[in-house]
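Colleague: Model the full assembly from the supplied sequences, consistent with the hints where possible.
Number of protein chains: 2
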Amino acid sequence: MADGNGSEKEAVVVSNKQVVIKNYVSGFPKESDMEIITGSIKLKVESGSKAILVKNLYLSCDPYMRLLMRPQGWEEYSLLKSSQGLFKIEHTDVPLSYYTGILGMPGMTAYAGFYEVCSPKKGEYVFVSAASGAVGQLVGQFAKLFGCYVVGSAGSKEKVDLLKNKFGFDEAFNYKEEPDMNEALKRYFPQGIDIYFENVGGKMLDAVILNMRIHGRIAVCGMISQYNLDQPEGVHNLMSIVYKRVRMEGFAVFDYYPQYGKFLDLVLPNIREGKITYVEDIAEGLENGPAALIGLFSGRNVGKQVVVVARD
Amino acid sequence: MADGNGSEKEAVVVSNKQVVIKNYVSGFPKESDMEIITGSIKLKVESGSKAILVKNLYLSCDPYMRLLMRPQGWEEYSLLKSSQGLFKIEHTDVPLSYYTGILGMPGMTAYAGFYEVCSPKKGEYVFVSAASGAVGQLVGQFAKLFGCYVVGSAGSKEKVDLLKNKFGFDEAFNYKEEPDMNEALKRYFPQGIDIYFENVGGKMLDAVILNMRIHGRIAVCGMISQYNLDQPEGVHNLMSIVYKRVRMEGFAVFDYYPQYGKFLDLVLPNIREGKITYVEDIAEGLENGPAALIGLFSGRNVGKQVVVVARD
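Protein chains in written order, with the UniProt record's numbering: chain U, 1 to 312; chain G, 1 to 312.
Worth flagging that the hints you see were computed from the coordinates, not collected in a lab. Where hints are given, some of them may not hold.
The calculated DSSO-like cross-link candidates involving lysine-lysine, where the alpha carbons are at most 30 Å apart (straight line), are [claimed, not checked]:
#1 Lys22/U - Lys244/G
#2 Lys244/U - Lys81/G
#3 Lys203/U - Lys244/G
#4 Lys262/U - Lys121/G
#5 Lys244/U - Lys262/G
#6 Lys22/U - Lys121/U
#7 Lys244/U - Lys275/G
#8 Lys203/G - Lys203/U
#9 Lys30/G - Lys244/U
#10 Lys244/U - Lys22/G
#11 Lys244/G - Lys81/U
#12 Lys244/G - Lys244/U
Modeller: This is how it looks when you write it as structure tokens:
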């Protein structure tokens, strides 16, 4: 790091705190799988290089990151190989951290999954699992704005209250208090489910499949309940997708990034007018990143988990 | 049956052999779950009634019937409550029994599942399970005509030979000789599977999911391996439908019956020109119906199972 040649003598070198994965992580991840080290970085890009130096302000904690937990890490500054895939933030009248959530990957995921994959119709019955999370809270609000009936499940009373009182879900329940998920779904959807936005997998999916309506749609966004299992749970009721002629579709947000402009046109005015709200769970400081990430898998976060590295 | 009133004195009463289900059938069905009885039927419809009297010539044996095995049955003559849902057969230059198979429900199922549900593209890699069956043999031929690469699985050497030599599949294998289905699929589809026409479920589906290509499609027609199980097998690899952005869709042929005319326009010329062939496994006589139906679940039939009740 100190091998600067003549022309770069004046480059400032700063310390660069990083969160790194110590080992390959299997099973339920632990904070101790990560460690915080302090490196240093030269605040200058080599002349002629296409690299980009960025100072990281907000970090996103998302369940999919579990799948990427190989030696990599978070840090205060990052030298990126090129500017490919980066864009300049134009709208700064909304919190900058929103670009890790409602205006970032989770927001686009909710948008693509609900509007594009689920092909919703007004008046349809929508169920969202992990409904207070980064994606779920938006799916519910999109569905309400669209004129659907929406029920969400979450893992605590606080989250259930949020769903009903802040995000405007028609109903919500704490899945941990339901001994029989099939029975619970029959109670909340006596007429069945048209659209299921799937975030959790396993037993929940098995119960939902039994409660789908004819020509129902399941957008499979993720299966957080399965990521830490060595052997995923079996889903037994798939034959019901034939009886009910159900479409079940896995999707990935990056297929929909070309629609990002259209998405902003929909979401930004709704944010500004207070018609869509977004709850973040903010961890302060890179040091708290590992705990924040691990917390996702026990549902400790309430709303979108963000780590503030710096505010500017 | 002998209580005809004055105006119907002249009605002929004939004996009417029937196959009836003795009890509700659970687990693997047995021939002894059915019995053959001889009733009688008056060959006349009450005046003023909309009922229709039919003489049954060919009976279809299809796996889905397992799901309907409640007290009902087959018979030589049937008095139907109305003519709703019936149509007159116009094209009799092809074998009449084809209307239980290639020109009936299985044919429409193959057509709807392949063309409508799978949205095939020329050159795609297609896998069909239970590929020599009533539906599978047609899916494979449709896919070949469409310009796809097609591999089928079946349960005997005789069936595998049929797939390769009679139906023109590019490759075929006996699933009973494959100790590791995932490994077998990787061998036949080193580049992965774009389209899976699902007829069997369970372990086969679990292995296929792992081998799907990005944006692959699974048309779920049935899951014959699961119908006789009290508790269906679990499918563990569903998370792969997110990684690969796979669409998995259950469908029912009756949603597509309005396209029957279009279907005949495609299939009839191909039959007449010998471009599509159809193999039937004909059981002679109603007495042999129970064995024929039961045989479906051990794969005893080679091709579409038909029961001839009468030839005219």
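Colleague: Can you list which hints this structure breaks, lowest number first?
Modeller: 6, 7
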